[in-house]
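Chemist: Chain residues, written in single-letter form:
2 protein chains.
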Amino acid sequence: MSERPVDEVTIADITRAADVGHGSFYLHFNSKNEVLTPVIQERAAEWGAHVQEHLENRDDPAEVVAFTTRHMARAALRDPLWRWYLTHSGVPVDDMRAAVGRFGARDFGTGIESGRFSVPDLDVWMRFTMGAYVSTLLGCVDLDEEAQGLAIDNMVEMMMRVVGLFPEEAHEIAHRPLGALAPPN
Amino acid sequence: MSERPVDEVTIADITRAADVGHGSFYLHFNSKNEVLTPVIQERAAEWGAHVQEHLENRDDPAEVVAFTTRHMARAALRDPLWRWYLTHSGVPVDDMRAAVGRFGARDFGTGIESGRFSVPDLDVWMRFTMGAYVSTLLGCVDLDEEAQGLAIDNMVEMMMRVVGLFPEEAHEIAHRPLGALAPPN
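Protein chains in written order, with this note's numbering: chain A, 474 to 658; chain B, 474 to 658.
Just so you know, the hints here were simulated from the structure itself, not pulled from any lab data.
The C-beta atom is built at its ideal place from N, Cα and C for all residues, glycine as well.
Fair warning: there could be bad hints in the mix.
Derived, one-sided and incomplete: chain B residues facing chain A with beta-carbon distance under 10 angstroms [what the hints assert, rightly or not]:
{"no.": "1", "residue": "V592"}
{"no.": "2", "residue": "V636"}
{"no.": "3", "residue": "A643"}
{"no.": "4", "residue": "A647"}
{"no.": "5", "residue": "P650"}
Okay, the calculated beta carbon distance ranges per label pair [stated by the list, open to error]:
{"no.": "6", "chain 1": "A", "residue 1": "R551", "chain 2": "B", "residue 2": "A485", "range": "39 to 45 angstroms"}
{"no.": "7", "chain 1": "A", "residue 1": "D486", "chain 2": "B", "residue 2": "L528", "range": "55 to 61 angstroms"}
{"no.": "8", "chain 1": "B", "residue 1": "L528", "chain 2": "A", "residue 2": "D533", "range": "37 to 43 angstroms"}
{"no.": "9", "chain 1": "B", "residue 1": "D594", "chain 2": "A", "residue 2": "G588", "range": "51 to 57 angstroms"}
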């Protein structure tokens, strides 16, 4: 995968590299998407840890979720593998949940427990938000970096409304200066 | 399509019924999903017109959008073709936009023009909301009718927050009695 664009990597390349038969591949994986799932999850975990280290003295759950989501979405759109995955796998809500859900759920959970956030139903909220996230990022793939950043921040503004913040505060939190956090990738 | 479950309909059945060659089919359509797109769009338009006739004296754009979305989502989950489409086509955001976008955009536009709704960006809002809609409905496919209805209403509550309503009013509008509108299908 590191040698050439993911579009040009075939199942045969993967089975050859892994020294398994083509039949065995399909026994374990339904598609190239499925092989990539652990890879994109691993990358998301790395970015999550990187962003986590740069939270500084942010302790309002709304600001933590907004800051993290804004950085993670930017990292996803910068990464060729994530871009490919986004555009080739429909709404991989359950995989995405596993990928970004770990810290997302932690930060969001803090907001719920403290009463900072309120949603009518946790499962519906999770599916709603992951679908909104994937669909919005898909619409950003062909934009330039500045337009991507603006779309991401507007998406985060709406996510803040979804967890119960009033529109004015949602706007303010989603558009604060991002600081000098360097890209993790 | 009316004769048996959509899962059992093959491309060969479609080309035979339409009296065209298999090659011609692929010249025009990329997949079975694509053939279905106009069909599901047509159904959505019928439901939309049906719901439209039963709006009665609702004239608040928030109530119109909530009432319409609650009925349309219920109709989609009741319809075998829509269920198949939802579970087999990833995030068909652009197709969905064409399918439910016509009246959705009209009702939503009224809310924007009147100042009842406000969103940070129209395109981002549309992708965000369609992604949330598809993803939430996908999560409802295997629930019973009562649980589906509750999940749909909770989704609509979050959609009302997204367009700028305060949480309390969003909740109230998304859970009003639905009235005696009979299913269109």
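Chemist: Can you verify the interface hint for B/A647: is its Cβ closer than 10 angstroms to any Cβ in chain A?
Modeler: holds (8 angstroms)
Chemist: Is the hint on B/A643 kept, meaning its closest Cβ partner in chain A is under 10 angstroms away?
Modeler: holds (9 angstroms)
Chemist: Between A/D486 and B/L528, does the beta-carbon spacing fit 55 to 61 angstroms?
Modeler: Given a distance of about 56 angstroms, which is inside 55 to 61 angstroms, the answer is holds.
Chemist: Regarding the hint that B/V592 lies at the interface with chain A, is the smallest CB-CB distance below 10 angstroms?
Modeler: holds (7 angstroms)
Chemist: Holds or violated: 39 to 45 angstroms for the Cβ distance of A/R551 and B/A485?
Modeler: Holds: the Cβ-Cβ distance is about 44 angstroms, inside 39 to 45 angstroms.
Chemist: With chain A as the partner, please determine if B/V636 meets the hint condition of a C-beta pair closer than 10 angstroms.
Modeler: This interface hint holds because 8 angstroms falls under the 10 angstroms limit.
Chemist: Looking only at beta-carbon atoms, does the pair B/L528, A/D533 fall within the given range of 37 to 43 angstroms?
Modeler: At roughly 41 angstroms between Cβ atoms, A/D533 and B/L528 fall inside 37 to 43 angstroms, so the hint holds.
Chemist: Is the gap between the beta carbons of B/D594 and A/G588 within 51 to 57 angstroms?
Modeler: Given range 51 to 57 angstroms: violated, Cβ gap about 29 angstroms.
Chemist: With chain A as the partner, please determine if B/P650 meets the hint condition of a C-beta pair closer than 10 angstroms.
Modeler: violated (17 angstroms)
Against the hints set out earlier in the document, violations occur for numbers 5, 9.
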